[in-house]
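Novice: Okay, here's what each chain looks like letter by letter:
Protein chains: 2
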Amino acid sequence: MTKVQISLDVMIQSLLESKKYATLRDMLVTMNPADIAGVFLELPSASLPLLFRLLPKELAADTFVEMDEDCQELLITGFSDRELKEVLDELYVDDAVDLIEEMPASVVKRILRQAAPEMRQMINEILKYPEDSAGSIMTTEYVNLRPQMTVSEALQRIRRTGVDKETIYTCYVTTPDRKLCGIVTAKALLLSDSDALISDIMEENIISVQTSAHQEEVALMFNKYGFLAMPVVDQEQRLVGIVTVDDAIDVIQEETTEDMEIMAAITPSERPYLRTGVFSTFKQRIPWLLLLMVSATFTGMIISSFEEALAAQVVLTAFIPMLMDTGGNSGSQASVTIVRGLSLNEIQFKDVFRVVWKEFRVGLLCGLVLSAANFVKLLLLDRVAITVAAVVCSTLFVTVLLAKLVGCSLPMLAKKVGFDPAVMASPFITTIVDALSLMLYFQIASMLLGI
Amino acid sequence: MTKVQISLDVMIQSLLESKKYATLRDMLVTMNPADIAGVFLELPSASLPLLFRLLPKELAADTFVEMDEDCQELLITGFSDRELKEVLDELYVDDAVDLIEEMPASVVKRILRQAAPEMRQMINEILKYPEDSAGSIMTTEYVNLRPQMTVSEALQRIRRTGVDKETIYTCYVTTPDRKLCGIVTAKALLLSDSDALISDIMEENIISVQTSAHQEEVALMFNKYGFLAMPVVDQEQRLVGIVTVDDAIDVIQEETTEDMEIMAAITPSERPYLRTGVFSTFKQRIPWLLLLMVSATFTGMIISSFEEALAAQVVLTAFIPMLMDTGGNSGSQASVTIVRGLSLNEIQFKDVFRVVWKEFRVGLLCGLVLSAANFVKLLLLDRVAITVAAVVCSTLFVTVLLAKLVGCSLPMLAKKVGFDPAVMASPFITTIVDALSLMLYFQIASMLLGI
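Chains as they are written, first to last, in numbering that gives the first Met the number 0: chain A, 0 to 450; chain B, 0 to 450.
I should point out that these hints are in silico values taken from the structure, not numbers from a laboratory.
Hints may contain errors.
Same chains, same label: a pair holds when it works inside one copy or across any pair of copies.
Said to hold, decoys possible - The calculated lysine to any residue pairs, modelled on SDA-like cross-linking and capped at a C-alpha distance of 20 Å, are:
| # | residue 1 | residue 2 |
| --- | --- | --- |
| 1 | K415 | W356 |
| 2 | K186 | E100 |
| 3 | K282 | A371 |
| 4 | K164 | I385 |
| 5 | K223 | V162 |
| 6 | K376 | R177 |
| 7 | K357 | E140 |
| 8 | K186 | G161 |
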């Protein structure tokens with residue numbers, strides 16, 4: 000894929016320089032919109048408006064949707080009002096909303112001025128829902144049927160209005176007061192008698208989401224039920240829009256990236272890494288580093304308060320990194336597993352005792368094996384005194400056990416009190432486990448070594 | 000959702016005890032297969048066969064597909080040969096393959112014996128592809144059209160054969176030697192004249208994958224192109240199957256979970272956490288903990304070799320945790336960002352210099368802010384000597400910078416040489432950065448403090 004793209008943008012660049020527009024157009028129309036947008040990204044921005052104008056209207060609009068916001072803004076700025084209107088007329092309303100949400104205010108004004116009145120109304124409708132809600136990612140362009148229609152009337156309606164709908168494969172049956180009363184798939188329509196009634200073939204056990212549902216919840220329902228589209232209803236069960244599976248996949252990827260960023264102590268951003276400026280990346284990372292640095296100084300204070308003991312037994316210092324790292328790793332294993340389970344809905348708060356009991360046993364096993372391995376190594380390789388080995392290994396055992404328990408329970412508690420469990424991943428667990436393990440270490444050392 | 004399920008399984012349990020089978024059946028048929036499977040999971044296994052037999056044939060098969068492998072095995076063991084055959088006849092072939100891949104050998108034999116000859120042949124076809132390849136997740140049940148058909152002939156064919164196809168919304172046009180020559184959507188069929196030729200309305204710029212492509216690559220293409228199904232071809236471009244979007248979503252979730260597990264130093268497993276035994280979880284975690292523990296002892300050796308210096312300046316010990324943790328966190332931020340970018344194809348190896356240059360600048364900024372903040376704290380709060388503060392802060396600065404550089408470059412190198420970049424996430428980066436930062440610390444200390 001990459002290799003082809005690399006040679007493609009060089010080729011396109013040189014065709015452009017020699018003004019072979021017909022050839023360029025012939026080449027571009029064989030390509031998929033997502034690939035064209037990919038090639039555009041690699042080209043100097045000055046050539047974009049010219050290339051874009053070579054595309055046939057529909058392909059141009061589809062390509063426009065796939066571009067990143069910088070290319071989009073660049074193109075819109077260069078568009079005449081008529082050109083802007085042409086692109087807008089081809090967009091689905093949810094894509095138009097995405098565009099508006101990412102453009103600066105002056106561009107938004109121009110877009111809304113050029114959009115057809117009906118489109119403008121739909122855009123404003125969707126814009127009023129909170130960010131990341133089902134309402135904000137839905138489209139209002141769906142096929143609407145009535146229960147008393149026949150299959151052939153329904154098919155006729157699809158033929159008449161289908162071209163502008165985001166999907167025609169799932170059709171929504173509503174009552175005159177816009178309440179959703181059934182769902183008919185295009186498959187059911189095609190496989191039924193043409194004079195069958197919609198009310199007879201429609202699925203009446205409807206799974207839908209509220210406009211206020213979080214987009215992550217909607218995406219998980221696609222994962223669970225395998226739908227191609229999901230109806231979005233208001234509090235009175237009136238159908239207001241649908242979410243399609245391609246948008247659900249985007250949400251899944253976006254939410255997962257967000258989870259991973261939070262777990263790595265980064266403030267999430269919606270822009271891809273290579274399109275984010277150095278200063279923005281810095282701002283995503285520095286607050287957490289500062290916060291965690293301050294917490295780590297508490298661990299340092301524990302060491303300071305045992306300075307005399309350490310001076311008497313400097314050998315103990317050498318095992319601090321091993322204890323801290325092993326504790327941190329044990330804790331992360333548990334916390335990352337639980338955070339992921341929670342976000343896939345595989346684990347719920349009611350499972351807290353099963354989880355803790357399981358981690359307790361896993362922690363026992365891991366702690367035993369790690370401290371036994373370490374004990375042998377300390378005696379045979381490092382040749383330390385047996386009491387020192389005992390201090391290190393018993394600390395290791397308790398640390399691993401505690402790390403597993405802290406690692407599994409903090410994300411569940413966070414979920415329970417309404418925080419994002421991902422915050423309770425590696426960095427925080429590590430900081431907490433570090434402090435715990437050092438306190439244990441010196442406590443056990445003072446007991447066993449009498450310092 | 001959860002609340003409803005909890006009360007449901009209590010209700011079902013009590014209806015079952017009072018033998019209200021008609022009521023149970025009426026209740027179950029209003030439910031979605033995925034929800035029925037969810038309720039079954041909460042019920043005592045002894046009641047499953049009875050409940051399952053209450054379901055109408057098609058719903059029974061759909062529910063069966065949604066169950067976890069333990070429930071499936073339990074049911075199959077209780078099935079008569081006729082019952083097994085009935086369920087198998089309703090399954091799509093890719094679901095049958097999933098089932099076979101997870102059942103023990105004795106159950107597999109029974110399944111293959113009861114499967115219809117045609118189904119058995121398709122199953123064996125798919126089973127020969129390597130695990131996690133496009134071939135292994137595809138289905139062979141697609142709608143096949145010929146270029147010379149008219150739209151009405153195509154629709155007739157869909158009506159006749161469509162009920163057994165996994166999707167009818169994307170139809171595949173092949174030549175007599177089975178080469179894929181075009182794609183027609185059901186939307187195009189419905190919106191075209193009934194006597195138009197398929198060859199005139201089909202899309203000829205086909206995006207397809209090879210049978211050997213990795214499932215993750217296939218899933219990313221769904222993400223990029225927004226398809227509902229993707230054709231899978233062999234090396235001669237003959238169509239052998241299709242992958243549908245619902246399976247692509249499963250792959251995305253599965254691969255992401257795997258990435259996260261590897262990043263947290265866990266050997267990935269395909270079973271959900273709560274369905275994995277304590278000993279299996281232990282085995283997923285202990286090898287990495289042992290390996291990382293051994294690497295951490297190198298860090299300990301660095302401390303040992305500076306034991307005398309430390310004995311002279313015990314105050315230096317107190318800052319070891321802060322240096323190690325901050326270095327580890329800085330490195331993880333970079334590595335997790337890059338690992339995720341690589342797996343979404345947002346970053347490629349050719350971007351390595353852009354990435355390193357960016358991380359260098361981000362590292363400079365982070366290092367400056369962190370060491371400045373620390374310097375002030377060391378002088379004002381901890382009241383250490385200015386030379387000690389200088390040692391700690393210059394070490395911190397260089398550590399953060401190095402951590403960013405190591406964190407971003409190791410995953411890219413891993414990708415380049417064909418390893419999984421996720422292995423180069425937090426734990427490994429932390430271990431490397433720990434060793435680096437301590438070496439620096441003592442080097443700088445011996446220079447500035449003359450110890």
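Novice: Please go over all the hints and tell whether each is borne out by the structure.
Specialist: Each hint tested on the structure:
{"no.": "1", "hint": "K415 - W356", "verdict": "within (18 Å within a copy, 41 Å between copies)"}
{"no.": "2", "hint": "K186 - E100", "verdict": "neither (35 Å within a copy, 30 Å between copies)"}
{"no.": "3", "hint": "K282 - A371", "verdict": "between (44 Å within a copy, 16 Å between copies)"}
{"no.": "4", "hint": "K164 - I385", "verdict": "neither (76 Å within a copy, 70 Å between copies)"}
{"no.": "5", "hint": "K223 - V162", "verdict": "neither (29 Å within a copy, 22 Å between copies)"}
{"no.": "6", "hint": "K376 - R177", "verdict": "neither (73 Å within a copy, 64 Å between copies)"}
{"no.": "7", "hint": "K357 - E140", "verdict": "neither (48 Å within a copy, 42 Å between copies)"}
{"no.": "8", "hint": "K186 - G161", "verdict": "both (15 Å within a copy, 8 Å between copies)"}
Checked against the numbered hints listed earlier, the structure breaks hints 2, 4, 5, 6 and 7; every other hint is satisfied.
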